[in-house]
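Trainee: Residue-level listing of the chains:
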Amino acid sequence: MEDLGLREETMIINMGPQHPSTHGVLRMVLELDGEYVVACRPVLGYLHTGIEKNTEYRTWQQGVTFVTRADYLSPFFNEAAYCLAVERLLGIEAPPRAQVIRVMVMELNRIASHLVWLATTGLELGAISMMLYGFREREEILRIFELITGLRMNHAYVRVGGLVMDLPDGAEERIRDFLKLMPGRIHEYEELLSGNPIWRQRTVGIGQVSPEVMLGLGVTGPLLRAAGIPWDLRKELPYCGYETYEFDVPVRTEGDCFARYEVRVEEMRQSLRIVEQCLDRLTPGPAMVEDPKIRWPAQLEVGPDGIGNSPAYVKHIMEESMEALINHFKIVTQGFRVPAGEVYQAVESPRGELGHYVVSNGSNRPYRVHIRGPSFVNLQLVPTMIVGKLVADVIACVASLDPVMGDADR
Amino acid sequence: MDTPALAQRLAQRFPEVLEARGEVTITVEADELAQALLHLRDEPDLSFRFLSDVTCTDWPGLDPRYWLAYHLLSTEHRQRVRVKVGLPPEPDPPRVASAVPLFPTANWLEREVFDFYGVVFEGHPDLRRIEMPEDWVGHPLRKDHPLAGVNTQYKGAFIPPPDRRGL
Amino acid sequence: MPVQRLPGTRLGGTDGPGVDEEQEARRGVLLTTLGRAVAWARKNSMWPATFGLACCAIEMMATGAADYDLSRWGMEIFRASPRQADLMIVAGRVSQKMGPVLRRIYDQMPEPKWVISMGVCASTGGMFNNYGLIQGVDTIVPVDIYVPGCPPRPEMLMYGILRLHAKVQREARIK
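Protein chains in written order, with the working numbering: chain A, 1 to 410; chain B, 1001 to 1167; chain C, 2001 to 2175.
Source of the hints: derived by calculation from the structure; they are not laboratory data. From the three backbone atoms N, C-alpha and C, an ideal C-beta is built for every residue, glycine too. Heads up, some of the hints might be wrong.
Here are a few chain B residues that face chain A, going by a calculated C-beta distance under 10 Å [to be verified]: (1) F1014; (2) F1050; (3) R1078.
With a straight-line cut-off of 30 Å between C-alpha atoms, the simulated DSS-like cross-links for lysine-lysine are [said to hold, decoys possible]: (4) K235/A / K180/A; (5) K1155/B / K1084/B; (6) K2167/C / K2113/C; (7) K1155/B / K235/A; (8) K315/A / K293/A; (9) K330/A / K1143/B; (10) K1155/B / K330/A; (11) K330/A / K293/A; (12) K315/A / K330/A; (13) K293/A / K1143/B.
Stretches of chain C that chain A covers, calculated by requiring three or more beta carbons in the stretch to come under 8 Å of a beta carbon on chain A [stated by the list, open to error]: (14) 2034-2045; (15) 2093-2106; (16) 2109-2116; (17) 2149-2160.
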């Protein structure tokens, strides 16, 4: 047959920023030879919000509300990292009850984040019912968050010095009920996916990268643990009292998408363990430091119209004590001063090492807050992971990275 | 080794070592940066083989003005160290050697610093903007770049944008 | 509306007693204008285009999921291609880089199309009154309904969608 005149050229395809893959506004420029990816160039910046610059124009306490929206799937981790950093600059420590509650909500958040990952990855790989199951459980967790903090997402609950308010009545029972419900549900997901030949075909052996390359590229989190390196900041460089909790860090050696899925499912189970230990060791105590120069002055409590200042506190500052009123005024409008210095505080978020580098020049505003977003650094792995592979695997690989663009772009 | 021991060990090689709040910070000159990072990475009892973060802080009015901070982590010894480099305000843009040959993760981290501060990393394979649009003018996180934003009119009152409110 | 009948046929079958044709016609036929009928059809199967950007996107997905089901109004399929969608829910903060993309997606949608601006970041720039975000998507696309909130609860988004349905029904027109 004579030459059909087929041209062999590579095709340049633009994937995103708006695309059905629900991992946010990530744009990838792929160069394809047929179905094989020859080159890949991820383009970021489609969700850049200027959070870091915004924190320089607000007080230290207000910084929490900005920072919590960076990685919007794990807001408590952002807040905890920021507050731990500022507390280190101030030289204070949150009271023990606050530490325990912080760990508890962080681990619940980890479960919620992994559920969204499972749901969206299932949706992208074709297991559409997984989307509904994942969000069903997430609603349970969001209801618990709403009971505790008043909001479903972006809570601004963890504050410098502790928590903005203590657990309300009924929260512990709700969480215990959830703990009874969840293991069966996780088992359901495994039944649905782990043995499923389609799921296995799309994830086993896909996206393998050697652990040395990953470490060189700065990848952390479940990706690293699925490749055999048992690095988890909660165990290695603990914060918030994590060294006193009993939990395992799941590690796999295959390093493919299926291993990452297994690691995340197992992490959900371990998080349930930690939450149970938190509930058992909750003792009555303050949820915020006592120092009146730093503590968020208003005692918030849940009233008939939601969360607001407690009437007893309002009576105290308006009628009883002039100093309390002045103190309240100063802290709310100007905030407190933080001694000059710099601190880098990292926590283990569901995506990896989430770090906050906080610089103070002694004033009542942050001088520089830099967020080391795990998604930003993990996304550097994408070209290495997909070059030479099929286009269909691109979706599975990027999904297994669990990028959240709010974290990558800030 | 714990933080004071690490500080002492590093003081043997680096003249400016600061230990504060449980962290060790080394300050080096811009032309010694590559050597310093290599030493920190390859010495067996240091082995800071993981670069967590590269970032910059702008101190206008000071010389050096741009302070880069490299956060290194040793997974073997479970410790962190910070390396700081000060770059003078002139010439603009400030230049420093890139850490990409030593730590591949610095690729995008340095692109971000270039995007937001204008620091040029010599030896970087692909130095261009990463977050802002390609044709953006200015470097947003510098202190002389305004926060921008819109002012608000509310019930006859004029509320300026956040960076002009003078709290 | 008189019913034209072919000679030889009768309502209620060929055998048995006949029925009053006028009465029968009134029971089985809906009197309306074409515009209102079309508006009813449009609002009951409005397909959203996927334009989830940030935190609001997660709440939008939660609204589409099982607990707060968007499928009740025929909206559970988020069409990936804007050519197949008629509603764009801008869910999340729109950065400077994303603005042209937003406009292009909007232009690719066929008429009639509607835009819901979900969340305060899409409506006005939200808490991020800075260089990075477009301070309100109504500067680039015409918005029909604004849903405030940071992020708005699924019930709030549903209320916004229902208001949009009411608006579509009110403005029954054929283009």
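Trainee: Can you list which hints this structure breaks, lowest number first?
Mentor: 1, 5, 7, 14, 16
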